[in-house]
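Undergrad: Relying on the hints, combine the two individually framed chains into one complex.
Protein chains in written order, with the working numbering: chain A, 1 to 250; chain B, 1001 to 1210.
Be careful, since some hints might not be right.
Claimed, not checked - Short, incomplete list of chain B residues facing chain A, as computed with Cβ under 8 Å:
{"hint": "1", "residue": "Arg1014"}
{"hint": "2", "residue": "Lys1019"}
{"hint": "3", "residue": "Gln1021"}
{"hint": "4", "residue": "Arg1022"}
{"hint": "5", "residue": "Gly1023"}
{"hint": "6", "residue": "Tyr1040"}
{"hint": "7", "residue": "Leu1044"}
{"hint": "8", "residue": "Phe1089"}
{"hint": "9", "residue": "Phe1092"}
{"hint": "10", "residue": "Ser1166"}
The hints are simulated quantities; they were obtained by calculation from the structure and are not laboratory data.
Glycine included, every Cβ here is placed at the ideal spot set by N, Cα and C.
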Amino acid sequence: MNHGNETSAAEWERQREQLSAFLDGELSEGERIALERHLQGCAVCQRALAELRQVRALLRALPVPALPRAFTLPESGAVPESLRPAARRPAASAARLRLAGAAQSVGTLAAAVGLVVLLGSGVVGLSQSVRLSPTGASVAAPSSNQAGGSSAQDRNSQRTPGVFSGGATATPNGNATQSTAVDRGVTPTQTPTATPSPTPTESASPARNSFAAEPPSVPVVPLTGAGLLVGGAGLALAGRSARRRMERRG
Amino acid sequence: MAGRRADDEQAAERALVEKGQRGDRAAFNRLVEQHQSGAYALALRMVGDAEAAADITQDAFFAAYRALASFKGGSFRAWLYRIVSNGCFDHFRTQARRPTTSLEAALGDERDGESPGMGSGSRLPSALIDASWDPEGIALRAEQIEQIEAALQKLAPEQRLALILSDIQGLSYEEIARVTNASLGTVKSRIARARGHMRGILARRGELFR
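Chain B extracted, bound-state conformation (with noise of 0.2 Å):
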């Protein structure tokens, strides 16, 4: 029945791109609306800014449209990942080029202590929390959130990215593969690793591993 309901879905997608590549706006815009929200949580967990990752997630539907033919079948998901997860490593590098001090560096801006690219863990909770999210119907208090997004911020990115791309996303180690260029292999490596590193840093910090 799930199965029946996966197929179904995946056809009408395959139909939206077919659409889409065609120009027809209104259908890439369906896949849009479809994938807009994991494609800004990649991008705000990968870059822990969130006027970047909505950049980054705007630039990335510009670029699947006009990249659309290109597109040859399998997961648009995972295809739509790899133009964000490029889009979160060339915001990386342009971060990696501008200068670590400036004079509001100096003057003691307060984003201090963080790294260029790397977000701010008391920064990012709250520009993650949705507004609708009921924290009653969550395990999670707000300060185990902050620990946990500030853990993932920690981690190297190419581990950053396998972990949300498996753990908070829930692609396969396929699509992931997909998503990073990397072989399966690489793939299971860094996932756990990741989760290994994850579980250290948590554990320092006390409550959420005893």
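Pulled out of the complex, with its shape left as it was, chain A reads as follows (with noise of 0.2 Å):
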């Protein structure tokens, strides 16, 4: 066989399975002969004859793989029509699959967001009395004293707002009361900014309560509700969506 230029794609194409075939042993006697004729002076045969051989030794060196489990039939019982979900339910399936997907991703989003909520309340609800705390030394006394002289706590409830008021939300009747009265003790320490230093009975005072409507105590409680609400729901989502991947997997 010539290989020169004039040797058009379909003649090697057919002399390329020649050689293939000829290593797989499955030429015919005559076929064979000759081709072994032409392989003793031909280079070009010769090397696309080793390159055959090596893609086929390559792919014979490949490991065997490992079986995820025994595919035998139960001992007894109807053997079922088939395990793939894909082939009983094809369409429906994706659809589920997808929605599965985006109920967890809406929901990752959603918690997300509380989270931003709630750190966001807590920064300006922080911002705010870090604002404020520098106007004097009386600042930290009404709050310890209004929180039944728990100081450490009130302080680390007012920088890590959103971890204290989560704690609120899990028992609402107790805790609620108390961040919401913790909450307030904030604005009490404020005002001590513009009137001389309270005795601790004034700071627990009903007239004290009257500044909790003050910018820095009315958007700390509905915003750290709103994001709890939205931080739950979100939660509460990517929980449920990620329970029912298990359960199909299961």
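TA: What follows is the structure in structure tokens.
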């Protein structure tokens, strides 16, 4: 066979098929003898044969896959039609998967929004208290008095309002009231900036609660509440879709 | 000697098939044990997804058991592999019906850059390597295995099937013709083309061909 420029692609394709089949011992006796004769004087075909042989050797050297499980049938009982969800319900399955994915994504997004709102409200509250705190040494004293002496907890609640408010949500009757009282307590701590240093009794007086509507405290409570709602809903959505996925895989 | 052993094995397999045809599930399970590794390897290399391959393999054995009465002799392996390969092509059709864009994909799925049903070159090798496999005993390194598996995934499914059956599973052209329901000439052509493509892909990647 001539392998010059005049060799057509079709002819070369046919020759390569012969070489490939020769490699596998799938040629007839006559074809094999003719090809062996040709190979003796054709470097192009010798090279092509060596490349085909190398491809086959590489594929033969591939490892055997590990079995994920045994595929034996149960000893008794009906043999199922199919295990493949895709084979039974291709469209519905794909749609459900996408819906679950979307729900999870929306849930995650909502959780993230909730977290941002929570942190945002905390930053607002914190920035307000930080902005007001340098106004006098009397600032810390009233808040510690109002919280029944747990000044450390109060400071923590102001610095990490999201965490504290989260605890309030878990036990709304007890802690929510407490956290509201604490949040309100922030306001009286600011009031002394304009007034003389209050006594403990003064700081707990109803008159101070009238300041609860002041800017720092007002946005903190509703924003924290909204953040909790959005965040909680988001986490619930994310958890539900994850549970569904696990059920499907199980 | 080897020929007689092969004859004995064929006779034993035929006996198991006949028992299976009479409803002997234990006998059929012996056949499953003999062929499950090859059947799963075929499905895995065809679809490139371990979970889908396992389901395709299991379904193939279910179908084989139900249809065992229709098996009229010859190569049981070729008959079984035909069921497996049909399952693989069903899988491709199912994948093709799926819209290519979903919210997950839009948000960036870890399988980015892979077409459905073709598997990931970077994912496949870890699923393919048997824990008991000793790489020291084989000339190929892990990254070379990865290259070869990835190249295999780039072939057209019909060529990939012919090449897996021929060069990895060691079936004869006649058996491959039965599995693929194609003529011997078509089998010969597919294997030659597939080898040529593999050679081209691997040569572009450098290390395996120079």
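Undergrad: Please go over all the hints and tell whether each is borne out by the structure.
TA: To see whether the hints hold, each was checked on the structure:
Residue-level restraint check for B/Arg1014 is violated (minimum Cβ-Cβ distance to chain A is 20 Å; threshold 8 Å). For B/Lys1019, the shortest C-beta to C-beta distance to chain A is roughly 14 Å, which exceeds 8 Å, and the interface hint is violated. Interface restraint check: B/Gln1021 against chain A, minimum CB-CB distance 14 Å, threshold 8 Å, status violated. Against a cut-off of 8 Å between C-beta atoms, the interface hint on B/Arg1022 is violated, since the closest Cβ of chain A lies about 15 Å away.
Interface hint status for B/Gly1023: violated, as the beta-carbon distance to the closest one in chain A is roughly 11 Å, over 8 Å. Here the hint on B/Tyr1040 is kept, as its CB sits about 6 Å from the closest CB of chain A, short of 8 Å. Given the 8 Å rule on beta carbons, the hint for B/Leu1044 holds: about 5 Å separates it from the nearest Cβ of chain A. With 8 Å as the threshold, the beta carbon of B/Phe1089 stays out of range of chain A, its nearest partner Cβ sitting at about 12 Å, so the hint is violated.
This hint is violated: B/Phe1092 has a C-beta 11 Å from the nearest C-beta of chain A, more than the 8 Å allowed. For B/Ser1166, the interface hint holds, the least distance from its beta-carbon to any beta-carbon of chain A being 7 Å, beneath 8 Å.
When each numbered hint is compared with the structure, violations occur for hints 1, 2, 3, 4, 5, 8 and 9.
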